[in-house]
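Peer 1: Residues per chain are reported as follows:
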Amino acid sequence: MTEPIVRYQNIQKSFGDVEVLKGIDLDIKPAEKVAVIGPSGSGKTTIIRLLMTLEEPTSGDIIVDGKNLWKMEKNGKMVQANEKHLSSVRSDIGMVFQHFNLFPHMTILENCMTALVNVKKIDKQEAKQRSAEMLEKVGLGEKLEMYPSQLSGGQKQRVAMARALVMRPKVMLFDEVTSALDPELVGEVLEVIRDIAKEGEMAMVLVTHEMDFALDIADKVLFLDNGVIAEQGTPQEVIANPENERLQNFLQRFNN
Amino acid sequence: MKKWSWDTFFDAFPMVVQGLGITAGLTVACFLFALIFGFFWTFMQRIPIKSVSWLIRWIMEFIRSTPPLVQLFFIYYAFPSVPVIGMTLSPFTCAILGLGIHFSTYIGEVYRSGIDGIDEGQWEAAKALNFSTRKKWSTIILPQAIPPTIPMLGNYLIIMFKEIPLASTIGVVGILQLAKNYGAQHFNYLEPLTIVALLFLVLSYPSAILIGKLEKKMNRRFDKKEPSGSKPIPEGKGA
Ligand SMILES: Nc1ncnc2c1ncn2[C@@H]1O[C@H](COP(=O)(O)OP(=O)(O)OP(=O)(O)O)[C@@H](O)[C@H]1O
Ligand SMILES: [Mg+2]
Numbered sequence: 000m001t002e003p004i005v006r007y008q009n010i011q012k013s014f015g016d017v018e019v020l021k022g023i024d025l026d027i028k029p030a031e032k033v034a035v036i037g038p039s040g041s042g043k044t045t046i047i048r049l050l051m052t053l054e055e056p057t058s059g060d061i062i063v064d065g066k067n068l069w070k071m072e073k074n075g076k077m078v079q080a081n082e083k084h085l086s087s088v089r090s091d092i093g094m095v096f097q098h099f100n101l102f103p104h105m106t107i108l109e110n111c112m113t114a115l116v117n118v119k120k121i122d123k124q125e126a127k128q129r130s131a132e133m134l135e136k137v138g139l140g141e142k143l144e145m146y147p148s149q150l151s152g153g154q155k156q157r158v159a160m161a162r163a164l165v166m167r168p169k170v171m172l173f174d175e176v177t178s179a180l181d182p183e184l185v186g187e188v189l190e191v192i193r194d195i196a197k198e199g200e201m202a203m204v205l206v207t208h209e210m211d212f213a214l215d216i217a218d219k220v221l222f223l224d225n226g227v228i229a230e231q232g233t234p235q236e237v238i239a240n241p242e243n244e245r246l247q248n249f250l251q252r253f254n255n
Numbered sequence: 000m001k002k003w004s005w006d007t008f009f010d011a012f013p014m015v016v017q018g019l020g021i022t023a024g025l026t027v028a029c030f031l032f033a034l035i036f037g038f039f040w041t042f043m044q045r046i047p048i049k050s051v052s053w054l055i056r057w058i059m060e061f062i063r064s065t066p067p068l069v070q071l072f073f074i075y076y077a078f079p080s081v082p083v084i085g086m087t088l089s090p091f092t093c094a095i096l097g098l099g100i101h102f103s104t105y106i107g108e109v110y111r112s113g114i115d116g117i118d119e120g121q122w123e124a125a126k127a128l129n130f131s132t133r134k135k136w137s138t139i140i141l142p143q144a145i146p147p148t149i150p151m152l153g154n155y156l157i158i159m160f161k162e163i164p165l166a167s168t169i170g171v172v173g174i175l176q177l178a179k180n181y182g183a184q185h186f187n188y189l190e191p192l193t194i195v196a197l198l199f200l201v202l203s204y205p206s207a208i209l210i211g212k213l214e215k216k217m218n219r220r221f222d223k224k225e226p227s228g229s230k231p232i233p234e235g236k237g238a
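In the order they appear, the protein sequences are chains A and L. Following numbering that gives the first Met the number 0, the numbering of the first sequence begins with 0 at its first residue and continues without gaps. Following numbering that gives the first Met the number 0, the numbering of the second sequence begins with 0 at its first residue and continues without gaps.
One thing to keep in mind: the hints can contain errors.
FRET-style restraints, in silico, Cβ to Cβ [said to hold, decoys possible]:
| hint | chain 1 | residue 1 | chain 2 | residue 2 | range |
| --- | --- | --- | --- | --- | --- |
| 1 | L | Ser137 | A | Asp215 | 41 to 47 Å |
| 2 | L | Asp115 | A | Gln124 | 32 to 38 Å |
| 3 | A | Gln124 | L | Lys161 | 48 to 54 Å |
| 4 | L | Val81 | A | Lys70 | 44 to 50 Å |
Just so you know, the hints here were simulated from the structure itself, not pulled from any lab data. Note that beta-carbon positions come from the ideal geometry of N, C-alpha and C, so glycine has one too.
Full structure from sequences and hints, please.
Peer 2: Pasting the structure below:
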């Protein structure tokens with residue numbers, strides 16, 4: 000058994016009185032591709048935002064590559080993690096957002112370079128070269144000097160992916176990255192994700208409504224319902240031959 | 000009634016213009032002070048402790064609701080006798096502090112509005128890319144927050160420029176004071192004061208144009224109308 004790159008241990012998350020995640024246990028192996036499906040409001044986004052440190056769990060632990068994300072050791076006791084600790088663990092994680100969140104005041108090359116230069120302190124020339132290569136890979140090698148506002152939604156999302164990939168995270172999070180796109184632009188973005196997935200080494204967690212896509216690339220599918228993992232297994236088990244009745248009802252909606 | 004005299008005009012001109020360096024220098028100094036000190040208010044307001052941000056808001060409100068002239072007089076005449084921190088300052092320094100602090104409260108608000116205009120998604124992207132607090136502000140937040148506020152900042156510069164003659168009340172010898180001196184010597188206020196008005200016009204009008212140009216240039220750098228983050232895109236909800 001390989002050690003998991005990410006482990007959720009009894010993760011619980013409430014917003015005020017509302018309990019959104021009710022005890023999540025989950026292992027993600029290195030290079031594993033995990034698709035997360037489930038009805039709106041079931042907590043899919045919250046699960047990955049906890050790992051990106053955009054939200055803090057109410058209780059439970061998240062272990063990333065052997066390190067506790069939200070807690071650290073101090074004088075022999077486990078205390079709440081400070082920003083330095085969070086930052087050191089966070090460097091293993093990357094995220095692509097539903098609405099791209101590109102930096103509008105930077106060209107797309109600068110969008111990709113900025114964290115390499117300002118966070119990883121990599122030499123500017125090398126950062127430029129690595130970013131240009133990554134943008135080439137997502138099919139935008141011709142548009143390096145353009146601003147995000149000059150691109151289509153699909154192109155923006157590909158820049159966002161290049162920006163996250165160039166940081167070489169061990170785990171990449173995708174939150175419904177095609178659901179803000181015009182239908183005809185969805186394909187080009189899925190294509191890029193598929194290419195990344197094939198390369199292998201990086202673990203990926205994809206919140207998605209694209210069932211065919213999940214069936215195609217995922218090693219494991221989680222069906223989230225009401226803040227718990229109601230079903231998990233291979234895409235064949237979960238999507239192609241669902242046994243859980245709520246899951247069957249949920250999938251019904253995607254079959255036409 | 001006395002007639003307009005070009006002789007007086009040209010006689011007074013060199014003398015009044017001598018004060019221009021002081022007036023312009025004071026404007027620049029006050030404005031720079033206000034620009035820098037404005038950040039102080041903005042960041043103090045962001046301290047996530049209720050009582051601190053409340054106190055800061057209250058102090059800013061107090062400074063804004065008090066006439067700058069009163070503040071100027073306070074710093075010049077009353078501050079030296081304040082226990083512990085009190086000291087005597089030159090009129091020029093007092094003017095920088097008085098007008099600078101007064102306008103910094105407005106400028107702090109301008110910065111705040113610029114920062115509030117930044118989409119939540121930008122903060123989240125910065126975090127996802129593991130930016131430090133300092134780098135996040137200097138490369139992501141402020142470069143987006145400040146350019147849209149430039150027209151507002153420019154307006155405050157021009158408003159402040161027109162308040163600069165207040166400094167003459169505590170003895171800063173700018174163009175207004177020199178015009179008044181000339182008037183008193185020659186019993187002739189019409190021409191020197193006209194010169195003062197003209198100088199203000201000649202300086203503030205091109206400044207307004209320059210600010211407009213700057214605004215255009217800043218806007219061209221990126222399309223501000225484009226939603227930068229998690230605002231939903233109207234059409235094309237791909238299922
Ligand atoms: N910051 C927040 N404050 C309060 N409630 C929140 C917050 N974020 C999420 N929630 C609530 O938590 C629940 C789960 O939200 P989450 O975004 O994780 O669902 P989701 O499965 O991603 O849904 P969708 O498919 O609509 O994106 C929802 O009921 C939501 O209203
Ligand atoms: Mg969601």
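Peer 1: Determine for every hint whether it applies to the structure shown.
Peer 2: How the hints compare with the structure:
| no. | hint | result |
| --- | --- | --- |
| 1 | Ser137(L) <-> Asp215(A): 41 to 47 Å | holds (42 Å) |
| 2 | Asp115(L) <-> Gln124(A): 32 to 38 Å | holds (37 Å) |
| 3 | Gln124(A) <-> Lys161(L): 48 to 54 Å | holds (49 Å) |
| 4 | Val81(L) <-> Lys70(A): 44 to 50 Å | holds (49 Å) |
Going down the numbered hints, you'll see the structure goes against none, and every one checks out.
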